[in-house]
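Participant: Protein chains in written order, with our numbering: chain A, -19 to 346; chain B, 2 to 557.
Source of the hints: derived by calculation from the structure; they are not laboratory data.
A virtual CB, placed ideally from N, CA and C, is assigned to each residue, including glycine.
Don't take each hint at face value.
Derived DEER-like restraints, expressed as beta-carbon distance ranges [said to hold, decoys possible]:
id, chain 1, residue 1, chain 2, residue 2, range
1, B, D33, A, I165, 14 to 24 Å
2, B, G165, A, E300, 52 to 62 Å
3, A, I165, B, H16, 47 to 57 Å
4, B, H16, A, E300, 27 to 37 Å
5, A, E199, B, D166, 31 to 41 Å
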Amino acid sequence: MVTERLAGASAIFTPLLSRAHPYVVAMAPPHLLAPTPAGLFCAAGDFYIDPLRPVPRALITHAHSDHARRGHGDVLATRETLDIMALRYGEDFCARRQVAAYGQSQRIGDVDVSFHPAGHVLGSAQVRVADERQRIVVSGDYKRASDPTCAAFEPVACDVFITEATFGLPVFRHPDASLEADKLIASCALFPDRAHLVGAYALGKAQRMMVLIRQQGWERPIYIHGALEKITEYYAREGNDFGEIRKVSAAERSKLAGEIVLCTPASLQDIWSRKFPDPVAAHASGWMRVRARARQRGVELPLVVSDHADWNDLCATILETQCSQVWITHGEADALVHWAGCIGLDARPLHLIGYGDEEDAVEAQT
Amino acid sequence: MNRFAHLLDRLAFEHARNSKLRILGDYFRHTDDPDRGYALAAMTGGLAFAHAKAGLIRTLICERCDQTLFEMSYDYVGDLSETVALLWPSPPLREGHNFPPPPSLSQVVETLHATPKAALRQVLAQFLDQLDETGRWALLKLITGGLRIGVSARLAKTALASLGDVEPNAIEEIWPGLTPPYLDLFAWIEGRADKPVVSDPAPFRAAMLAHAIEETNFVSLKPEDFIAEWKWDGVRVQAVTGYDEAGEPVGRLYSRTGEDISGAFPDVLEAICARSFGAASIDGELLIVREGRVESFGALQQRLNRKKVDARLIAEYPAHVRAYDLLSEDGEDLRSLPFAQRRMRLARFLETRAPARFDLSPLVPFATWEALAQARRDPASAGAGEDANAIEGVMLKRVDSIYVPGRPTGPWWKWKRDPFTLDAVLMYAQRGHGKRSSFCSDYTFGVWRQGAEGDELVPVGKAYFGFTDAELKLLDKWVRDHTVNRFGPVREVEANHKTGLVLEVAFEGVQRSARHKSGVAMRFPRVSRIRWDKPARDADRLEAVEALIGERKRAD
Ligand SMILES: [Zn+2]
Ligand SMILES: [Zn+2]
């Protein structure tokens, strides 16, 4: 809460906005990366980052399905990202895999490439691409809030910062996630006769919710929908302690009054969810901050927990990288472009089509 | 305040009545006085803040947020209070700051009530600084009167009753005499004190209201279970008299929402304060009755919304109460008696005490629903005689219905008369507001009358268009294509025997009006249909409208 409050005043306050950014230096337009219909392309290294269609050589920031697609030739990603892609798509998801360790630089063609933690989900990375003239960082999806299930975001100095902007409006300031877990536990106490179904994205969000619930003192077993099983087991093998996790069997559903059941957001609307005793529909997502959005989804217990940077963190991160240019891959770009312009940064929305937002995804993920 | 805010937040997303009751009960049980009392007041409409308006809130946020970022955010969120709550920057805390606790609901309410308008801005900003996002949202909703959380006053009282062994109706009974933060009420419900003694000798009792009946409802209803009476076109009131400690009569005339309107009706007040009236509470309809005849609603309007009235006005528009129900008599609460019995007590009361300016609402005898439908169509022949003009329809009350506050489904039904309709010619159109602001959606229409140079149109009313956007578009296009003159947002359109658009207008009645050029005014007119097919010269004439003042000709 303290950091939230400290940062809270900064990014919308007019006097600050009108002050020029101290790190601005005149520089050449970026030549290392270019947006193409297939995604960001680096000609000097002959590779794509998070390509949207099959390519000979791909660098993948993280395993969410809109960033990590199957069918590429060579794939360079962190070990965890490659593992999760294999779990989801099968071992043959690409022709050749190569592991990138965080912080280690390698030469590809005429550029240096390195991966750095993004704090988004297990294995998520930012990709730094540099030559003698320019340093570009592609953030992928990222967050700055604490998350014990993955390595914390590390700011990387660069000239061009390519950021996401899923929550790129100043109304999105995510609260302390532990308070949201408290809200869920309090509701279980108030409604011991109702099952609490928590919609959470299968990769990352679900596991973070498990840890949060445990941290706030929930000792009963946590029940999960089958769609969450594989990834959760992988997270556990990677050293996360979730306590007792039970997969919900069909017959058991009617007996889970007062229990917490994690499932994909899509299952909340499924027939599957109706067999639980008078279920409370909870949904863990940054979108839950806006009431109309939660109501639109029929959510009764909105939990504002996000794996993306909120407005303050987007702004703070851009400043920290000391970049002079910001490119925005996807999300709510307009406000961020306006803000960046006000402080003297060169900002440009890329409007890349094809990167969704897993927090808003309704399709079930396996 | 944050706690109350989180209660509202949770209630806003909960649909099931039982879950709402549980959430409310939990809040009342675990919240201290006087916070919970103010929360109860907020949910029952008992808190009002006079000065805070949307403009002030906009000013406050624009001092703290870049204008463009605010506009983008407002656009996305769509609700001013919520946008500001989410945007509001918490002030940075200096090293060594001790995190003062955020203000409680009581602090907020008491401070705001004591704050003069000039200081409000600063006080509000300080509260917003101290609250969290949900707290800010609730505060802004509370002070702008936008608190809609799907909890009725009745539901809140029902949850409250569950704290102890108390019936919700027992709370309703003493409710009018209680004030926030209701310390005595909570103490009684929790068994820590006796039932609060209501000190007001002439309290308002929450009114019982009826649902509109639909054709389909009749299938399951038996005529013999019901008593019918006319639904009079006046103002529903409650006339209450009690005696203070000195033994002096205290009389009050309340509107159906409990507003004290005695000041405007000294004639009624004098009647109920007569010693012969005793102590009683009568539910009835306020009407203007001259020489035994009920006047139109227009006559009653001369007496409404006035702080003071003079003798001339009283003489010209004498007020009268047509009594429907007797809620209490000499301290005895009659509301738990069946309606048939209350009605007998009422008849006896009026007969024996014979209060001036009161009479008994006559019954409408009927044996079948068809017979009642006939009476509703033609009240004049069904016993209402010359007063038929002041009848809005019929009321159906179950013989065994007890008097329950609110609008319960089943015991009482209202069956209104069909509206009148008239074919009028569109004369002027005006741009609407809000979502329809790009269309012309206010329409002035007229009817034909004989002028110096033949037929001329005279405006008789103005109405909104109540139709689909598709129809609105067609109408809007017609207006644009036929505009002959523009005065600001108003367009005058072609309207003569040859060219003109006929609108079917539905309305509840017609009264004489000196303020209107036509000499008549319609009650609740709305455009019910566009008569694309009807030539303008065939629209109705003023004589037809005037005829409706005298008699109530049916529309169908
Ligand atoms: Zn992602
Ligand atoms: Zn993404």
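Participant: None of the hints should be skipped; say for each whether it holds.
Facilitator: Tested hints:
Between D33(B) and I165(A), the C-beta spacing of about 23 Å keeps the proposed range 14 to 24 Å intact. In this structure the hint that G165(B) and E300(A) lie 52 to 62 Å apart at CB holds, the actual value being about 57 Å. About 22 Å separates the C-beta atoms of I165(A) and H16(B), a value inconsistent with the hinted range of 47 to 57 Å. Hint check: H16(B) to E300(A), Cβ distance near 44 Å, so the stated range 27 to 37 Å is violated.
Taking 31 to 41 Å as the suggested C-beta distance range, the pair E199(A) and D166(B) conforms, at roughly 36 Å.
The structure fails hints 3 and 4 (numbered hints given earlier, in ascending order).
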